[in-house]
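Participant: Chain A is already provided as a structure; the job is to place chain B on it using the hints.
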Amino acid sequence: MSKKYHVTTTVNGDEYEFLCEAQQTLLDILRDELMLSGTKEGCGTGDCGACTVMIDGTMVCSCLVLAVETEGSRIETIEGMAKGENLHPLQRIFLELNGLQCGICTPGILIAAKALLERNPDPTETEIRYWLAGNLCRCTGYDKIIRSVQAAAKEMRGARS
Amino acid sequence: MTATILEKSGFNRDRKLKIVGTSPVKHDGIDKVTGRAKFGADLFLPGMLVGKILRSPHPHAIIRSIDTSAAERLPGVKAVVTRDDFPEIKAGTPGGDMTRNAMAREKALYDGHPVAAVAATSESIAKEAIKLIKVDYQVLPHVIDPVEAMKPGAPILHPHVRTKGIKGEDQPSNVIERLDLAMGDVEKGFAEADVIVEREYDTKPIHQGYIEPQSCVATAAEDGQIELWCCTQAPWVYRDRLMEILKIDQAKIRVTQSEMGGGFGGKTGFYGEPVAILLARKAKRPVKITLTRNEVFRATGPVSGTRSRIKMGVKKDGTITAAEAELIFQTGAFTGSMFSNAPQAMFTRYNLKNVKTVSHEVVSNRPKVNAFRAPCVPQVVFGVEGVVDELARKIGMDPIDLRLKNAATEGYKTIYGETFGPIGFVETLQAAKQCDHYKSPVPKGQGRGVAAGFWFNRGGETTGTLNIATDGSVTLILGTSDVAGSRISISMMAAEELGITVDKVRAIMADTHSLGFNRVTAGSRTTFSTGMVIVDSARKAITELCKRAAQIWGVPEEGVTFEDGFCRPASSNVGTFEPLSIAQIAAKTTPTQGAIAGHSEMNVTGAGPGFGLHIVDVAVDKETGRVDVKRYTVVEDAGKAIHPLQVEGQYQGGAVQGIGWALNEEYYYGEDGRMQNASFLDYRMPVASDVPMIGTEIVEVPNPRHPYGLRGVGEVPVVPTMAAIANAIGAAIGIRPQSLPMSPPKLLKLMDDARAKNDGYRSC
Chain A
0 MSKKYHVTTT
10 VNGDEYEFLC
20 EAQQTLLDIL
30 RDELMLSGTK
40 EGCGTGDCGA
50 CTVMIDGTMV
60 CSCLVLAVET
70 EGSRIETIEG
80 MAKGENLHPL
90 QRIFLELNGL
100 QCGICTPGIL
110 IAAKALLERN
120 PDPTETEIRY
130 WLAGNLCRCT
140 GYDKIIRSVQ
150 AAAKEMRGAR
160 S
Chain B
0 MTATILEKSG
10 FNRDRKLKIV
20 GTSPVKHDGI
30 DKVTGRAKFG
40 ADLFLPGMLV
50 GKILRSPHPH
60 AIIRSIDTSA
70 AERLPGVKAV
80 VTRDDFPEIK
90 AGTPGGDMTR
100 NAMAREKALY
110 DGHPVAAVAA
120 TSESIAKEAI
130 KLIKVDYQVL
140 PHVIDPVEAM
150 KPGAPILHPH
160 VRTKGIKGED
170 QPSNVIERLD
180 LAMGDVEKGF
190 AEADVIVERE
200 YDTKPIHQGY
210 IEPQSCVATA
220 AEDGQIELWC
230 CTQAPWVYRD
240 RLMEILKIDQ
250 AKIRVTQSEM
260 GGGFGGKTGF
270 YGEPVAILLA
280 RKAKRPVKIT
290 LTRNEVFRAT
300 GPVSGTRSRI
310 KMGVKKDGTI
320 TAAEAELIFQ
330 TGAFTGSMFS
340 NAPQAMFTRY
350 NLKNVKTVSH
360 EVVSNRPKVN
370 AFRAPCVPQV
380 VFGVEGVVDE
390 LARKIGMDPI
400 DLRLKNAATE
410 GYKTIYGETF
420 GPIGFVETLQ
430 AAKQCDHYKS
440 PVPKGQGRGV
450 AAGFWFNRGG
460 ETTGTLNIAT
470 DGSVTLILGT
480 SDVAGSRISI
490 SMMAAEELGI
500 TVDKVRAIMA
510 DTHSLGFNRV
520 TAGSRTTFST
530 GMVIVDSARK
540 AITELCKRAA
550 QIWGVPEEGV
560 TFEDGFCRPA
570 SSNVGTFEPL
580 SIAQIAAKTT
590 PTQGAIAGHS
600 EMNVTGAGPG
610 FGLHIVDVAV
620 DKETGRVDVK
630 RYTVVEDAGK
640 AIHPLQVEGQ
650 YQGGAVQGIG
660 WALNEEYYYG
670 EDGRMQNASF
680 LDYRMPVASD
690 VPMIGTEIVE
700 VPNPRHPYGL
710 RGVGEVPVVP
720 TMAAIANAIG
730 AAIGIRPQSL
740 PMSPPKLLKL
750 MDDARAKNDG
760 YRSC
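Protein sequences appear in the order of chains A and B. In terms of numbering that gives the first Met the number 0, the numbers along the first sequence are unbroken and rise by one, the last being 160. In terms of numbering that gives the first Met the number 0, the numbers along the second sequence are unbroken and rise by one, the last being 763.
Bound-form chain A, shown alone (with noise of 0.2 Å):
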């Protein structure tokens, strides 16, 4: 039996404690220890975005952070993202303009969205392109993904002026 390693986070706001293997990433921890599966694994490798989460700030596959790095860090993930009973408009409109098929890359791309629209909220095409070119999805052709983030951006500036 490996060594284990405490840890302490917040997840979403809500405090979190667990113990982990040394080489056990965030992405397992999330999964398999805190039951929170909206996260998905499409690669492991940091090459298709699907378990793309916030740790303090800063978008990262949570596939490639070992979960003893995350002591005290404050993460979110796609379960943090709705308030209550209203969706994040990103969540909102992805439904609306059919931004997703099978979903499975969806979460990933929600929150890597969202991290767009905070640093920059009004992404020309060619940006939201660049920024979610690490964000794999194989149903849609992308068309409908960018124009969900588009479309949402504008609501958003719209709300905030």
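For the record, the hints were derived by calculation from the structure and aren't laboratory data. Built from N, CA and C at the ideal position, the CB exists for glycine as well.
Now the stretches of chain B that chain A is said to cover, found in silico as 3 or more residues with beta-carbon under 8 Å:
no.: 1; region: 38-47
no.: 2; region: 645-658
Among chain B residues calculated to face chain A with C-beta under 10 Å, some are:
no.: 3; residue: 25
no.: 4; residue: 29
no.: 5; residue: 32
no.: 6; residue: 122
no.: 7; residue: 210
no.: 8; residue: 211
no.: 9; residue: 262
no.: 10; residue: 263
no.: 11; residue: 291
no.: 12; residue: 481
no.: 13; residue: 631
no.: 14; residue: 679
no.: 15; residue: 686
no.: 16; residue: 690
no.: 17; residue: 691
30 Å max Cα-Cα, derived DSSO-like pairs, lysine-lysine:
no.: 18; chain 1: B; residue 1: 150; chain 2: B; residue 2: 166
no.: 19; chain 1: B; residue 1: 126; chain 2: A; residue 2: 2
no.: 20; chain 1: A; residue 1: 3; chain 2: B; residue 2: 37
no.: 21; chain 1: B; residue 1: 748; chain 2: B; residue 2: 629
no.: 22; chain 1: A; residue 1: 3; chain 2: B; residue 2: 281
no.: 23; chain 1: B; residue 1: 133; chain 2: A; residue 2: 2
no.: 24; chain 1: B; residue 1: 756; chain 2: B; residue 2: 203
no.: 25; chain 1: B; residue 1: 281; chain 2: A; residue 2: 2
no.: 26; chain 1: B; residue 1: 283; chain 2: A; residue 2: 3
no.: 27; chain 1: B; residue 1: 37; chain 2: A; residue 2: 82
no.: 28; chain 1: B; residue 1: 89; chain 2: B; residue 2: 163
no.: 29; chain 1: B; residue 1: 310; chain 2: B; residue 2: 187
no.: 30; chain 1: B; residue 1: 629; chain 2: A; residue 2: 153
no.: 31; chain 1: B; residue 1: 393; chain 2: B; residue 2: 443
no.: 32; chain 1: A; residue 1: 2; chain 2: B; residue 2: 130
no.: 33; chain 1: B; residue 1: 126; chain 2: A; residue 2: 3
no.: 34; chain 1: A; residue 1: 2; chain 2: B; residue 2: 283
no.: 35; chain 1: B; residue 1: 130; chain 2: A; residue 2: 3
no.: 36; chain 1: B; residue 1: 748; chain 2: B; residue 2: 203
no.: 37; chain 1: B; residue 1: 281; chain 2: B; residue 2: 246
no.: 38; chain 1: B; residue 1: 503; chain 2: A; residue 2: 82
Facilitator: Relative to chain A, chain B alone:
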């Protein structure tokens, strides 16, 4: 049983639709944008173990012995399985191949072939345990390329194989089958031609590329009952095949389908599932096996690579007089490529009378191929549409006009025996000619290509149930899987039939105990077939609603009619009654005859063939050979777009998969027969910054054999893509590539060679 609904009602062109043709939010979407949706890897059971598979590092090797004793002794290991745990099934039978692909038996036949598996209390222990298994291999010479595999003296994969389709063949061969399919007289046809073009093409295996790796959880009870949770396009097919290879009674195995994170054909056959069942049986605990991406690439469903020679002749007036093809399909280590689709579909869309095809399916030391949208067709259409394009150039005709001149129409008898009913190929071509993309000039420095494609669309065994709740809301139990939103489309058809809003309908996908057999969710059959079954179920429920209304009113059954969601008196003679809504009738099921439901099972026929035409503009960087897809438009006949946003999504997704196939996806093998690019980084599917918006034109020529006129839209969108892009590259650089992928180094070489020869437009 044939589809009774077709006889009863069928399609009504004048029907006013309220829901079908709109694009409501899909009901399964909310769980997918919030992370609640349960995909294959998202089931966690108490006491669950982690299963891991040990795979052969050799492409071809006799397995002399397997020593698992050290792995078994490792603390935390609860079960180990090898070939000895699988029932013996004769090699060369369907079951024999399936069991040998699930777990190597006499030989390992490809890099990544499973040879043993363990279940342990943690992932790290399971990984350590498989390293402790000692396999004694006798490494054999291997063969990767199908043409090499066909040559005399090539390493033989299966000593029992004698080529099917060749009389008197008595020597072992890697050629599983030779298939001859022909009609008319090609010699006569070519003699009538003014121009003949003959070219050779090759395409590489690619992967379906679903983002969700296969994952399953198996449990086994002491009485033999098996529960299997997995992401699958074919729960009933999995059940029946698992029964066959593991010798389990059908009723003792229940397959429950999870949400599926992409399949595209690749989840029509099992991989870790039988292994997980055997581990669970030994350990008496639930076992989860989730494949890594490396395992997905090395051991699951790539698409057939092909070699083809295609010859077509045309008269100066544009009449295509004959077509001939010689085809080789690489099927991996076992048969199952579905290569017979290709000679049936490759020329079908043109009204040809003289066609001759010879096809071969060949095994080599690669993973067994699996289905991918329109299995085996896009690879050869890449060639056919290249030849058609060249014919158009040679006789100086617009490429869409040449296709229009030869377009198949209603009454055309196909090479596979079907006579077309009403089809929309002509309408699709006309829509393409009229669309803004085709009418706009080709931007300077770019090339434009077009290509056409066809897919049969499919029906088959399908079951479904519609239940009316006591408040008048409706639940549907569907047998097919939902690969991209079929639940909402089918719910919309149920709502339309019942005259209620789609918000009152919810659909679930059934497990195999809940419904009768359903064929695999593939071939663009789901919204068509399950939609038909649910419309039939709704109409049965309506008949029952009318009976109940008659009972409530105390009038004869024929005195009640159903319209717009209400039971009404059929005429004033029946009496004066306020119309009863479904909710009002459903509220009275206790005093009447109990719950109201409709159920239907059919072997659905009447699938409407689908046709598409793609238009693409590309720019080719002459310095680097990089192709930039600048503009893309998919024009395709949907029959009827039940949910237009989802139909567009199918068109767009298919086109972008085809862009990857066209420009950079392929399997690289080293001299050692091992796959060298088994990761998303090295395999490199299209990302968002690689592609433009994909324009869509939905043509609607109704299929009269479906109540809403739909055909099926899942396969056609990928069929012409690589050909269209190759034709566009040809227009841009003056050389039409004949080999996929059209990657920068290959295009650079083509351009260099052309510059050296300076001999005008050609195909290479």
